[in-house]
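K.L.:
Quick mapping for you: the protein sequence lines, in order, are chains A, B, C and D. Per my numbering, the first sequence starts with residue 1, numbered consecutively. Per my numbering, the second sequence starts with residue 1001, numbered consecutively. Per my numbering, the third sequence starts with residue 2001, numbered consecutively. Per my numbering, the fourth sequence starts with residue 3001, numbered consecutively.
Don't read these hints as lab results, they were simulated from the structure. The reader is advised that the hints may include incorrect statements.
Only pairs whose alpha carbons sit at most 25 Å apart, straight line, appear in this in silico DMTMM-like list of lysine to aspartate or glutamate [what the hints assert, rightly or not]:
#, chain 1, residue 1, chain 2, residue 2
1, C, Lys2027, C, Glu2315
2, B, Lys1018, B, Glu1353
3, D, Lys3067, D, Glu3127
4, B, Lys1254, D, Asp3141
5, A, Lys254, C, Asp2394
6, B, Lys1244, C, Asp2394
7, B, Lys1244, D, Asp3141
8, B, Lys1254, C, Glu2351
9, A, Lys197, C, Glu2315
10, B, Lys1031, B, Asp1268
11, A, Lys254, D, Asp3394
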Amino acid sequence: MDFDFSDEQKMFREEVRKALARACPVVEVRKVLEGQGPWAAPAWDALVEQGVTAADVAEEHGGLGLSVLELAVAAEEVGYALAPTPLFTSIGLALEVVRRAGSPAQQAAWLPALAQGAATATVALGLHGVLPCLAANGTAEGELTAVPDGLSAEAVFFRALAADGQVHWCRVTANSAGCERRAQDSIDPTRPLAGVKLRQASVEVLAGGADAATVLQGVLHRGAVLLAFEQLGGAARALEDARKYVLDRRAFGKQVGAYQAMKHKLVDIYTAVELARVHVYYSAWALQTNAPELPVAAAGARVAASQAYTLAAQEGLQAHGGFGFTWAADCHLHYRRARWTALILGNVHDWREKLVSGLVATA
Amino acid sequence: MDFDFSDEQKMFREEVRKALARACPVVEVRKVLEGQGPWAAPAWDALVEQGVTAADVAEEHGGLGLSVLELAVAAEEVGYALAPTPLFTSIGLALEVVRRAGSPAQQAAWLPALAQGAATATVALGLHGVLPCLAANGTAEGELTAVPDGLSAEAVFFRALAADGQVHWCRVTANSAGCERRAQDSIDPTRPLAGVKLRQASVEVLAGGADAATVLQGVLHRGAVLLAFEQLGGAARALEDARKYVLDRRAFGKQVGAYQAMKHKLVDIYTAVELARVHVYYSAWALQTNAPELPVAAAGARVAASQAYTLAAQEGLQAHGGFGFTWAADCHLHYRRARWTALILGNVHDWREKLVSGLVATA
Amino acid sequence: MHFEDQPQDAEYRTHVRAWLEANAPRKTRPDETWGLHLPEDDRVAAAREWQRRKFDAGFGAIAFPRKYGGAGGRAYESAIFQQEEANFSVPVAFYNISLGVCIPSLLALARPEHKERHVRAALEGTEVWCQLYSEPAAGSDLAGILTRAERDADAGDFIINGQKVWTTHARHASWALLVARTDASKPKHEGLTVFIIDMKVPGITVRPIRQASGEADFNEVFLTDVRVPAANVIGEVDGGWKIIVASLVHERVSIGGALPRDLHRMTLEMAGDRANTDARIRERVADQYLMSQGLWLMSARALTAVSKGQAPGPESICAKIIAGRFLQDFAYFGMDLRGSEGVLAGRELDEAAMTSQRMWFGSLAVRIAGGTDEIVRNTIAERVLGLPPEVRIDKGIPFKDLAR
Amino acid sequence: MHFEDQPQDAEYRTHVRAWLEANAPRKTRPDETWGLHLPEDDRVAAAREWQRRKFDAGFGAIAFPRKYGGAGGRAYESAIFQQEEANFSVPVAFYNISLGVCIPSLLALARPEHKERHVRAALEGTEVWCQLYSEPAAGSDLAGILTRAERDADAGDFIINGQKVWTTHARHASWALLVARTDASKPKHEGLTVFIIDMKVPGITVRPIRQASGEADFNEVFLTDVRVPAANVIGEVDGGWKIIVASLVHERVSIGGALPRDLHRMTLEMAGDRANTDARIRERVADQYLMSQGLWLMSARALTAVSKGQAPGPESICAKIIAGRFLQDFAYFGMDLRGSEGVLAGRELDEAAMTSQRMWFGSLAVRIAGGTDEIVRNTIAERVLGLPPEVRIDKGIPFKDLAR
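So that you can see chain A by itself, here it is in the shape it has in the complex (with noise of 0.2 Å):
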């Protein structure tokens, strides 16, 4: 038995934290916040800096071979620095997709770029409304809407229904002609989002073979593995934050943190983090082993995480008072990312829906 990481792993963990604290103070993700730029660019360049995009892609793709586990860190580090950036949806999903649903061909072409950094890709996952239509012709015609980094992308990843009613996965470049985007608010505006309207629109079909379905579900997994540990370092940090401010701030002559009730409220959201920890690791343990148990780990580990990371940034905003409530507060940053985090793959029921599927199925 060995629930642990190793201790390279701790230690490149450590690396990632100490880049992104220089690289990705809380200035630079208000940055974003205030619409200046689709990412936090130094946090971005530090990841790619420190190997973090490449970690789990092979060698003969130009990355360094390493797994799963060490991207999986490095994301709760992404999540404890709020830094915004396109590891979710470029390595995240893009990869994911390339890697499933690409030819070798495709794959030689696209994973290099993506595990550099040196492009970004991402993808409509299309959980609602209907899928686009692929014509014959190699063209796609629909809407993709709410799709994360949807506008700084130079690649969009998506399902499209072909004539004989088989789904593929497809690519349209960013600005090719028939691929309109525009912006769309977000709840998290370091999370931005994009609606793509595809008109007549040149796509590239992935030509690896593999079921549309499968791909989906593989890449859907591998999502909520990774944005699970990015909720479990955001709800870390919006307790500790909360914690500092409830030591630092005093009332009736005593410290906030003083008062039962604060104390209390803050170790009912370490539980829900240490419980949501175990949940999180674990799925990363059953993603790498591609477990039996991964449909029930990472629908664990999602569930656990959306919570944890909802308590943890309302109670923690709570906990700040009158002063949680002000734009100058970072609480509000949490309590807008654990929202966008908790629904952006499906909300909660879904996610206790397929968990229990596959206790069902495994019973």
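Could you slot chains B, C and D onto chain A? The hints should help.
P.N.:
Quick look at chains B, C and D alone, frame taken from chain A:
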């Protein structure tokens, strides 16, 4: 607007409270808990004497011709005193079956005895499993389970299925041939249960001509409202007991009630109780006026009161610490009663379901 | 027990309703909020105009004394008007602080000449009041006021220096009630004084506070050598604490009790078909009904007391806690219903999404403003349940000697 | 990261499993509880017999020193044995206090002659120990001990008078660790002393405590002029508090961490077909999985630390709170599933109903025993999060002068 009981009703409640305080101290409750008798006879006698059993029965049937509001406030006091009596089964349920399903002759025959407490009856609601069969010769065959006060009641009302597929309300006399009763252990021994086996038991079919399902609905609404009053009284008592204990008990040199965690725990109970209180009172209004809101109001009262009593019993016990976990403390009386009352008419999911059905129907 | 008006109240309600029908458009849906998309100055101008019209018709100051232009009516009539007004698309809430908190304090405690000077203009709505109580270091611990008022011995005036926060309508107010510390050598609660401040005098700077949501409904107010005549003291010098306590009661009641009756209809509407098909959504609808209908019933209970000339029961303090919880759940519910599209800002979606997201932030304010959930729980524990107060380590110590 | 044993651990596990297979029947279902329907004396006899057999095979005292008959193994081997033993229908838990709390205290602090006299007999299981710490007025505030130990100057013995509660196995214990107040003129924590007590000496009366559930798993113990030689003091006279603190740590860890791995399978089984058809039930199954699997994963994390010779992380203190919540939810869930028949006592229904109802009461004990939820939260707040301790008003004051 007058969302309150009248001064007369409040005075009536006060009389009932005093009478029960005299007739039913906890030692009487514990006698029933330990199996000494089916109910606390002094408490029942007091209710009869105060006119509670006759309150909302028409004068022509030997009643006082008051409203169900008087019965309701008395039920709240019964819950407060934890008094083991057949009020809920005999007056809450059985009397209503007779009124709704009985012919004029049956009403005239049975109501006066019930109203005057000279006899008691109960209802096997049959919310689960199969109904007994009603043969053409007027005998019934089948089993009734978890019948509250089923061993002591002189008559049991139940629904039975005739050969033509019609459901009829029937009455079986307790000691008649073919009616075999046995005690069933209850999670709350102060609310005893019985199983009833009907083997060619002679029964009397209720001949008022009302639709059996409509009668059941009406009986359930009345039962839910009156039980919610009992739950409300019980919850208020559990809170009061906890409050007394934490004022009395000291730890680390302070009254336990001076600790903020304990203060807030009791406030959370208080808030739940007061939220339940308005729903419970509202349901009494809806019942009394037979308002279109009755299905929603009765369900709202039942859910809110079940939740409040559950919280008050559970966390009130926790507030007592180790002493709360002993047989000698009264906490387990509430812990048992809260669960019993939350389940006997169907669980909280069932009633949330009824609530929303009602809301949707009137939207 | 009934929910109908007494005959005289029914008559009054008919009268009110007729006037409203003649003077304002009905809301198209219960959650419609007037003026959401208007610039602030337009909203303020419209609110002033609406108050003036109500005042002229006898509805602007229903329960205030006739002497100052009020209608001399019962509190219950005032409640009837509010209930009916809530069905119309008109600017409400702008005068909550003015008429709900400041003027009642003046009426109770100010000198006759102040009442003469101020009350009518406030009731008409031409002069708006704000409340300069909270400070950065005096939030939950409201008596921790650092703003100083020092007496200029020559002129007999007070000179005021300090900073206030969370001031509603400071930009639009003509007058304010301000609390300042007049004697720091007394214990915390004993050296405070309440003043009437002319918001137009030199030395007052108003700056909007940007909230978590990005909006700015409140202000901070900086006071630098603001000169106030001694005649503007309300009550006694160093006797301000009891005035503050009285006004807090008004404030908490008004924050907790302001939800429309059929809010659960909105929950249902938001859920759409899933209120029929999805048992998990149905459970959340039921839970929200219990809170929103419960709040309405609690206010009905309080109103019943008011209609009988009694004070509302202590249970009405719980309403603020329930309201905060309800609004937060309501917001999460509305956002969850969108699934992965719930990440879109409301304006990308529809009116309902905007409402949920407004509540998503608004509920934070309800849980903090006018006493946090934790402070309200303390209050209920101590005043209603009679549990012992916190051990107070700052009791009896001169304010200037307290650790900060 | 992996959940397999290291080679040496795998080997040990194989060895353990083979021995268990040869010596005990496997459970037929994960929640099977051994001996539920046996009379207490039979259960105790069987537990003694089972400990003796384990001891003889080298599994009775795996991580205890060889000197006293222990196997001198690693804590991790002990954990492996417990995991495997949990799959068999055998009496467990009877020696938890003896071997989990009392003997480790003796080994750490007692004199050599006490260790020689007591440890082997305890490890073999022939002599059982109990803990006489809690008192009616010393629960959460464990240092509030009223039991007095007064020195008989002539004999050099101590004379002990007082009352203890919540004592597990007091009827079957040969020996006890007892804490008594030896100096009431010192502050609360400073005048306490821990003694070894022979449970057979005159003056000791054991009476079962009837619990909320009607069962009696604990006892109260009355001590009247019980004479103890001064040689039986553990550690220093008046230095008992640190021994108590050390033993509490053992106790809390053992109460929190004892759930089987696949408890969510039971939740699923209870739900039956409704785990497929009822979305509301499915949500509750998911919530219970998160707690029960989370507890298992937390213990896996703690075991990982133990296997590396480290102490478990501070997060493991949370386990007790989660366990209490899980068991209470689990019980309510099982009872709710029965609908209106849930009012029947389990024995009228089936094994699953009995399990839910056992947990219905058992969860109460988990939330109170060995530190209430509230005390555990204080501990986490202060020791893990570093938040300030409660203001202690009893600090430095002689115990005899404290208000009670």
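K.L.:
Each of the hints needs a verdict: does it hold here or not?
P.N.:
Quick rundown of the hints versus the structure:
For a cut-off of 25 Å, the pair hint linking lysine 2027 (chain C) to glutamate 2315 (chain C) is broken: about 31 Å separates their Cα positions. Restraint check for lysine 1018 (chain B) and glutamate 1353 (chain B): not satisfied, since their Cα atoms lie roughly 38 Å apart, outside the 25 Å limit. Between lysine 3067 (chain D) and glutamate 3127 (chain D), the direct Cα distance comes to roughly 18 Å. Compliance with the 25 Å bound is thereby established for this hinted pair. With a C-alpha separation of about 10 Å, the suggested pairing of lysine 1254 (chain B) with aspartate 3141 (chain D) holds against the 25 Å cut-off.
Using a Cα cut-off of 25 Å, the hinted pair lysine 254 (chain A) and aspartate 2394 (chain C) holds, with the two alpha carbons roughly 9 Å apart. Between lysine 1244 (chain B) and aspartate 2394 (chain C) the alpha-carbon distance is near 28 Å, which puts this suggested pair outside the 25 Å criterion. With a C-alpha separation of about 19 Å, the suggested pair lysine 1244 (chain B) and aspartate 3141 (chain D) falls inside the 25 Å cut-off, and the hint holds. For the given pair, lysine 1254 (chain B) sits about 53 Å from glutamate 2351 (chain C) by alpha-carbon distance, which is inconsistent with the 25 Å threshold.
For the proposed pair lysine 197 (chain A) and glutamate 2315 (chain C), the alpha carbon gap of about 55 Å is over 25 Å, so the pair is violated. The suggested pairing of lysine 1031 (chain B) with aspartate 1268 (chain B) is violated, with an alpha-carbon distance near 32 Å, which exceeds 25 Å. Distance check on the hinted pair: lysine 254 (chain A) and aspartate 3394 (chain D) sit about 18 Å apart at the alpha-carbon level, within 25 Å; holds.
The structure is inconsistent with the numbered hints 1, 2, 6, 8, 9 and 10, although it conforms to all the rest.
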